[in-house]
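Protein chains: 2
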Amino acid sequence: MTTQEVANALVKYCSEGKFEEAMKALYSPDIVSMEAGAPPGQSRESKGLAAVKAKGEWWAANHEVHSTKVEGPLVAGSYFTATFKMDVTFKPQSRRFTMEEVAVYKVIDGKIVYEEFFYSM
Amino acid sequence: MTTQEVANALVKYCSEGKFEEAMKALYSPDIVSMEAGAPPGQSRESKGLAAVKAKGEWWAANHEVHSTKVEGPLVAGSYFTATFKMDVTFKPQSRRFTMEEVAVYKVIDGKIVYEEFFYSM
Numbered sequence: 164m165t166t167q168e169v170a171n172a173l174v175k176y177c178s179e180g181k182f183e184e185a186m187k188a189l190y191s192p193d194i195v196s197m198e199a200g201a202p203p204g205q206s207r208e209s210k211g212l213a214a215v216k217a218k219g220e221w222w223a224a225n226h227e228v229h230s231t232k233v234e235g236p237l238v239a240g241s242y243f244t245a246t247f248k249m250d251v252t253f254k255p256q257s258r259r260f261t262m263e264e265v266a267v268y269k270v271i272d273g274k275i276v277y278e279e280f281f282y283s284m
Numbered sequence: 164m165t166t167q168e169v170a171n172a173l174v175k176y177c178s179e180g181k182f183e184e185a186m187k188a189l190y191s192p193d194i195v196s197m198e199a200g201a202p203p204g205q206s207r208e209s210k211g212l213a214a215v216k217a218k219g220e221w222w223a224a225n226h227e228v229h230s231t232k233v234e235g236p237l238v239a240g241s242y243f244t245a246t247f248k249m250d251v252t253f254k255p256q257s258r259r260f261t262m263e264e265v266a267v268y269k270v271i272d273g274k275i276v277y278e279e280f281f282y283s284m
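Same order as they appear, the protein sequences are chains A and B.
Residues 164 to 284 (this note's numbering) are what the first sequence spells out, left to right.
Residues 164 to 284 (this note's numbering) are what the second sequence spells out, left to right.
Source of the hints: derived by calculation from the structure; they are not laboratory data.
It is possible that part of the hints are untrue.
Identical chains blur together in the list; that is why a pair holds if it fits in one copy or across any two.
Stated by the list, open to error - Here are the simulated DSS-like pairs of lysine-lysine, each with C-alpha atoms no more than 30 Å apart in a straight line:
(1) K254 - K274
(2) K232 - K248
(3) K232 - K175
(4) K232 - K218
Everything numeric in this text was worked out from a predicted model, so none of it was measured.
Looking at chain A on its own, in the form it has when it is part of the complex:
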């Protein structure tokens, strides 16, 4: 798949809330995922599909998603970008809030090998 095709597929999966399916179909085993920040003592970076899936599973288990809006993708060479706006409740605190973030992805040989998220904390 081209970068554009991977980008279109990711946006479609995520718009439908199918984050796990997106990883399974589109992510490289060697994916590196970078958050804007991390709790003290933890890393911003997750390496490898197992670690990135585990991060996604923690997130899914701890948040109720009321709505997801994905805009983009914009594609440039082997990179693409999209924005995510999610209305969610963090279940352990019953706290409802809107997440807004810019995401950047790198594609090599039809698989996403790097993702980075930009948001204010």
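Take the given structure of chain A and dock chain B to it, following the hints.
What follows is chain B alone, placed relative to chain A:
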């Protein structure tokens, strides 16, 4: 200005090739600019408006721009993203090529305080 207004203004300036005017109007004195890579011994990061302007001046002096296409912006919270596709000639080597990059910007108090560029090298 809101993040959306800053984003719209930046895209308009850059689409018209007015990169220096964009910096003057929209960049914080404390801007940090991050490239995808740097030559050996040099930093990916430029700090402060003078350093970032100097990087822009070097670029403008060494490239002839045949066309510029900017797509976006997509805005999420205090961040926005856009893509740049430029057909340029690197003048010292008379080498014509297409630059394609994803750019991410952070806005605080109506000024761009951070920019990062993603491209393959």
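Item to complete: Run the structure past the numbered hints and jot down the numbers of the failing ones, going up.
Response: 1
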